[in-house]
Amino acid sequence: MALAGSMNGIRHLYVHLPFCAHRCGYCDFVTAVGRPDEHEAYTNALLAELARERHLLSDPLETVFVGGGTPTFTEAEALALVLEGLPTAREVTVEANPETVTSRMASLLHGQGVTRVSLGTQSFQPRLLSVLERRAGPDDVRRAVHHLRDAGFDNISLDLLYGIPGQSSPDLDADLAEALTLQPEHLSCYELEAKPGTRFTHAWGAELEDQAKAMEGYFEQVVNTLTAAGYRWYETANFCRMVDGRDLRAHHNLGYWHGSDYLGLGVGAVSTVEGLRRRNRPSLGAYVHALAAGDEPPREIEELDGATRRRERLMLGLRLDEPLPVAAVGDALDRAALSRLVAGDLAELVDGVALRLTPRGRFLGGAVTTELLTAA
Numbered sequence: 003m004a005l006a007g008s009m010n011g012i013r014h015l016y017v018h019l020p021f022c023a024h025r026c027g028y029c030d031f032v033t034a035v036g037r038p039d040e041h042e043a044y045t046n047a048l049l050a051e052l053a054r055e056r057h058l059l060s061d062p063l064e065t066v067f068v069g070g071g072t073p074t075f076t077e078a079e080a081l082a083l084v085l086e087g088l089p090t091a092r093e094v095t096v097e098a099n100p101e102t103v104t105s106r107m108a109s110l111l112h113g114q115g116v117t118r119v120s121l122g123t124q125s126f127q128p129r130l131l132s133v134l135e136r137r138a139g140p141d142d143v144r145r146a147v148h149h150l151r152d153a154g155f156d157n158i159s160l161d162l163l164y165g166i167p168g169q170s171s172p173d174l175d176a177d178l179a180e181a182l183t184l185q186p187e188h189l190s191c192y193e194l195e196a197k198p199g200t201r202f203t204h205a206w207g208a209e210l211e212d213q214a215k216a217m218e219g220y221f222e223q224v225v226n227t228l229t230a231a232g233y234r235w236y237e238t239a240n241f242c243r244m245v246d247g248r249d250l251r252a253h254h255n256l257g258y259w260h261g262s263d264y265l266g267l268g269v270g271a272v273s274t275v276e277g278l279r280r281r282n283r284p285s286l287g288a289y290v291h292a293l294a295a296g297d298e299p300p301r302e303i304e305e306l307d308g309a310t311r312r313r314e315r316l317m318l319g320l321r322l323d324e325p326l327p328v329a330a331v332g333d334a335l336d337r338a339a340l341s342r343l344v345a346g347d348l349a350e351l352v353d354g355v356a357l358r359l360t361p362r363g364r365f366l367g368g369a370v371t372t373e374l375l376t377a378a
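For what it's worth, this note's numbering labels the leading residue of the sequence shown as 3, then goes sequentially.
The set of hints was computed from the structure by calculation and includes no laboratory data.
Be aware that a few hints might be false.
Claimed, not checked - Here are the simulated distance ranges between beta carbons: (1) R248 with S109: 20 to 26 Å; (2) R129 with V272: 43 to 49 Å; (3) E276 with E350: 29 to 35 Å; (4) G346 with R137: 26 to 32 Å.
Built from N, CA and C at the ideal position, the CB exists for glycine as well.
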């Protein structure tokens, strides 16, 4: 992959491929089911948007993240065309659903310079996968990991969900054990969020309310199991192995958590560029039509003032296990609240100039962060 660009500029690029074989009931991402006849036109539009925005990017980039949708559901020729057109980056991640990762697909990804694959595993329990309307089974996950290893990948991430209707603590133990057997370099373990208005919420409302009561216990179960297995709990929902000095954190997401600008390409994609947050509108047809006509995609623009940026920096930075410089958040930080939380062993000051939550504070997470934020 090669693309000329400025030595200065945005260092993180997100690329959205919206196509999926099926829309899961809990999903609220911008997706398009099937539509194989539209993959090529969308790819052309995506590359046209990249050409329009390339002057904003550094060369090389630090990270590229190709998300969706299911990028590996995209027609192979169209996916290869996108990957060929991407800028050079130290970390290039592609999201994949396990059932789409064949030996050919794994070789295509590796051959196009992808360095990291994130597999949407969610669970290893067939009955829970059925609740989630997932099409991959546990054998598909194992097969996908083996194909990726055979193709040469040494950085694989698995996504897991907890709080699934019908899930128990032993089910979660079993999922974590199955995941650890595959020795992924990275694990993302998320609380299931069923968005209001999705058919999933309508179908499972009562069960989701019951699961909400167990979330805190599930969270501690995840953290305790994975840290005991030698994984670093480096972000609220993310864990990485520590192997031969390699930094196996998800560096694209670290860009978000550190408050860096990033460029998002594709239908529904979001960017932060020089104090502006830009959101491409979610209409696939309007996106393709505009770029085919030589225009920029329809988008919404939000101005981010300094106070908003500092508040977001505090909220995101405290998700990490590394200290957050106090100077970076300025007046967003409630100093009186900080003193109370330090006294209560929920937060700590590092060398008097940086802030982080203690392990106890991290388990309470959002509640502690909310207390540290000054009133808007």
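With 43 to 49 Å as the target window, see if R129 and V272 comply at their CB atoms.
-> Once the Cβ atoms are compared, 35 Å apart, the range 43 to 49 Å for V272 and R129 is violated.
Holds or violated: 20 to 26 Å for the Cβ distance of R248 and S109?
-> holds, 23 Å
Take the C-beta atom of G346 and the C-beta atom of R137, compute their distance, and say whether it sits inside 26 to 32 Å.
-> Because 46 Å falls outside the window, the suggested range is violated.
Indicate whether the distance between the beta carbons of E276 and E350 respects the range 29 to 35 Å.
-> holds, 34 Å
In summary, the structure is inconsistent with hints 2, 4 from the numbered list given earlier, while agreeing with the others.
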